[in-house]
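Engineer: Here is what each chain is made of, one letter per residue.
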Amino acid sequence: MEILEILLSENFWAAALRIATPLIFGVLGALICEKSGVLNLGIEGIFAAGAMAGWMAVWLGAGLWTGLLCAALTGAFFGLIHAILTVPLGLSQHVSGLGITMFATSVSYFTYRTALPQVSSPPRIEPFQPLDIPILSDIPFLGPVLFQQTAMTWLALFLVALVWWVYNRTPLGQALRAVGDNPNAVDAQGLSVYGLRMGAIVAGSACMALGGAFLTMSAFDAFFFGMVNGRGWICIALVIFASWRPGKALLGALLFGAFDAFQVRLQTEVGAFVPSQVFLMAPYILSILALVIVARRAEYPRALLTPWFKGQR
Amino acid sequence: MINDTVLSLNKLSKRFGTVVANESVTINLKRGEILSLLGENGAGKTTLMNMLFGHYMPDSGSIQVANTQGQLKPLTLGHPQAALDAGIGMVHQHFTLAENLSAIDNILLGSENLFAWRRSMGTAREKIKDIMHRTGLNAPLDTIVGKLSVGERQRVEILKALYRDARILVLDEPTAVLTPQEADTLFANIDIMAKDGLSVIFISHKLREVLAFSHRIAVLRHGKKVGEIATKDADEKIISQLMVGADTPATPREPLTIGAPVLQLTHLCAAGTSARSSLEGINLTVSASEIVGIAGISGNGQSTLAKVISGLTKPTSGELAIDNQPIHKFTPTSLLKSGVGRIPEDRHHDGIIGAMSVAENLAIERLDSSDIQQFGFLRDQELKLNAQNLSQKYDIRGPGIEAQTRLLSGGNIQKLILARVFEASPKLILANQPTRGLDMGAASEVGKRLLQARKRGAGVLLISEDLDELLALSDRIIIMHDGELHAAPSNNRAQIGLLMAGEVS
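Quick mapping for you: the protein sequence lines, in order, are chains A and B. According to our numbering, the first sequence is numbered sequentially starting from 1. According to our numbering, the second sequence is numbered sequentially starting from 1001.
Mixed in with the good hints there might be a few duds.
Below are the DSS-like pairs computed for lysine-lysine, each with C-alpha atoms no more than 27 Å apart in a straight line [stated by the list, open to error]: (1) LYS1195(B) / LYS1129(B); (2) LYS1329(B) / LYS1314(B); (3) LYS1427(B) / LYS1393(B); (4) LYS1147(B) / LYS248(A); (5) LYS1195(B) / LYS1206(B); (6) LYS1073(B) / LYS310(A); (7) LYS1224(B) / LYS1011(B); (8) LYS310(A) / LYS1224(B); (9) LYS1337(B) / LYS1393(B); (10) LYS310(A) / LYS1011(B); (11) LYS1427(B) / LYS1455(B); (12) LYS1147(B) / LYS1129(B).
One side of the interface only, derived from the structure: several residues of chain B facing chain A at Cβ under 8 Å [as the list claims (entries may be wrong)]: (13) GLN1081; (14) LEU1101; (15) GLU1112.
Since the hints were made in silico from the structure, they are not lab data. By construction, the Cβ of each residue, glycine as well, lies at the ideal position given by its N, Cα and C atoms.
Bound conformation, chain A alone (with noise of 0.2 Å):
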């Protein structure tokens, strides 16, 4: 009974799209990377210098949304590094991924240490607000769980329909396309394989950072050690649960949402008789679940992790 009131409550469906946001910002940064043949495992690392320098930039002084440019602006950076290192160079993404990700992590503390150094309780921001819209956000239900979220929840579902347009419906999408499964056909239709690529992960890359400012900037309204959380691997996982579509990328992103909002509110119903750890463990167990199902029939990218050089075929 407990849990039918808890799928129809509004306020499990609002929080459940509100955990998802930071995962379509990675979700759909990390297909736009693999779509391209070059898998980003320094996603990990870009969500916490993102979430850092969003953070840093408000607490400077700047607006919100030139913080959201200043994370996006650094995920573009460390993008850009692991595209040199994975495309002209054709050096092994997994290595120069984690390198990334252990890299943009330590950077982002050292950063914080460094203007922070005897804080104990970390500063805060003014974060982005809920948008009130007037009339839609009485509706009753879909009113609280859809127009109560902050901008950049709308910003995230709008990326959604601007990713899937740009893989549908242009020639840029297409070209993109065809680079993560044969780079042969692209370079021989006279367009610059390196180009799409490394566009492709800095692009990929600053989508990925906006996910790690959602955390600072719209969740929570400070930065701390460890607050990534994984979320990145998560995002690395529904790309392959979404068979890199867009589409199936928000939905992955809202089943995992979805997962994590019931589990807190299991927890403070039967957390009495199951330890709270199982909770913790249950999205990750029904995303892996999840995976194994759906993961068999994925359609990889036919070039992904297979460096191309130029004038070797």
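Position chain B relative to chain A; hints supplied.
Structural biologist: Frame of chain A, contents of chain B only:
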């Protein structure tokens, strides 16, 4: 009109390290002409065309291409885009198609403004339809390329070049993957296009199609142009002499009396990677002193058949007997022990272990025999002795018996595999595409060895896509299509070709 030159390659040279790929090659091409570029593997045909298309930068030499007014202009070297702009289209041996895009998207790739917000394909579609109508090259435009047949993919490749207004079309071994009928259709289309003013260069090493469909033949050997001849003045003998530099007499086949069956398949079914390549109740007998050739387009069950006989796939029903002994345990070892010698299709991947030495690879199928090992330890001296003997006997050349096997050339890797197989004196030899990718010299060596084995009394199952090779070596030919076997009614190429395409009368 047929006299004006549209392309001129002047003294092109290219080296890769110390290897000379092309040396001072000069070739001219006229409007509406079909030139065939002939040569053995490694003669430098593909390198030459890759320089023309800007994939490689020549070390010296220059290229001139006629513009739309017919004036020769120098081509910027090393840039595919420059070659495309100059009206050169290339169809690579390995197709350069994105399989996750539709045919029309592949054709339009790179021709649209990359940063347009939406696509308008109406005029483009009209233009492609018009080209298809004019040339007879038809392909379903809205189907994902991954779902098209090989012939359709090739037509998409050619359409791609024609859509970009190519006036010079280069085809790299265009018929390697086609049935004889598909190849004939392709050449008929090329002929129409040439009459329309398109100049065509096609690379091939099949003498028959070169003689039948080109206007002029240029022959390359060891990177140099060794001859150029109008097709009407050429015959097979002249060209093959130019290609290899000397006569290679065909190995004579002695008539032999066929012995007892060494391989019997009865109502055998086995699952392949697709429905088309699954075996559906086939019956097949190969006897001692007999070479049975399996013809067919790849992907029709040949690999599945080979896998069953090698013990890599367990049949779902039916029986397999080697030397009259039914096989129950389908593992590579059990079939090897019962007397099957295997020459695998992908010699680099399945035939050798590239990181291990030549000596180790030569002994790898009999590591348990006592002359190679003792108490579970390899006997190093014996291993080397064995390798030295076999290298000499089978003329395996390379950096030495201690060197990694992957450093050997394709022909020498195949010789290594032949040595390993023939020294075990198998009752049945499964030769799957044994000459694919080998030059004439190495290929004739393989044929000679197979005929020797036949004389010794072995049965040979020869799977090949090269009809000429099958006709030269086999006692009888069986055609495989859609997982089923059909005996060839005669050695008539056209009849076999029809059966390969699945036209059973």
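Engineer: Taking the hints in turn, state whether each one holds.
Structural biologist: We went through each hint and held it up to the structure:
For a cut-off of 27 Å, the pair hint linking LYS1195(B) to LYS1129(B) stands: about 19 Å separates their Cα positions. Proposed proximity of LYS1329(B) and LYS1314(B) is supported: the alpha carbons are some 8 Å apart, at most 27 Å. The suggested pairing of LYS1427(B) with LYS1393(B) holds, with an alpha-carbon distance near 21 Å, which does not exceed 27 Å. Restraint check for LYS1147(B) and LYS248(A): satisfied, since their Cα atoms lie roughly 23 Å apart, inside the 27 Å limit.
The suggested pairing of LYS1195(B) with LYS1206(B) holds, with an alpha-carbon distance near 23 Å, which does not exceed 27 Å. With a C-alpha separation of about 26 Å, the suggested pairing of LYS1073(B) with LYS310(A) holds against the 27 Å cut-off. Between the alpha carbons of LYS1224(B) and LYS1011(B) the distance comes to roughly 10 Å, so the proposed pair stays at or under 27 Å and holds. A threshold of 27 Å between alpha carbons decides the hint, and for LYS310(A) with LYS1224(B) the separation of about 26 Å falls inside it, so the pair holds.
Taking the CA atoms of LYS1337(B) and LYS1393(B), the gap is about 24 Å. The hint holds against a cut of 27 Å. Note on LYS310(A) and LYS1011(B): the hinted pairing holds, with a Cα-Cα distance of about 24 Å set against a maximum of 27 Å. The suggested pairing of LYS1427(B) with LYS1455(B) holds, with an alpha-carbon distance near 12 Å, which does not exceed 27 Å. Between the alpha carbons of LYS1147(B) and LYS1129(B) the distance comes to roughly 20 Å, so the proposed pair stays at or under 27 Å and holds.
Interface restraint check: GLN1081(B) against chain A, minimum CB-CB distance 4 Å, threshold 8 Å, status holds. A distance limit of 8 Å between C-beta atoms decides the matter here; for LEU1101(B) the minimum to chain A is near 6 Å, and the interface restraint holds. Contact between GLU1112(B) and chain A, as hinted, is supported at the beta carbon level, the nearest pair being about 4 Å apart and thus within 8 Å.
Every hint, counting from the list given before, is met by this structure.
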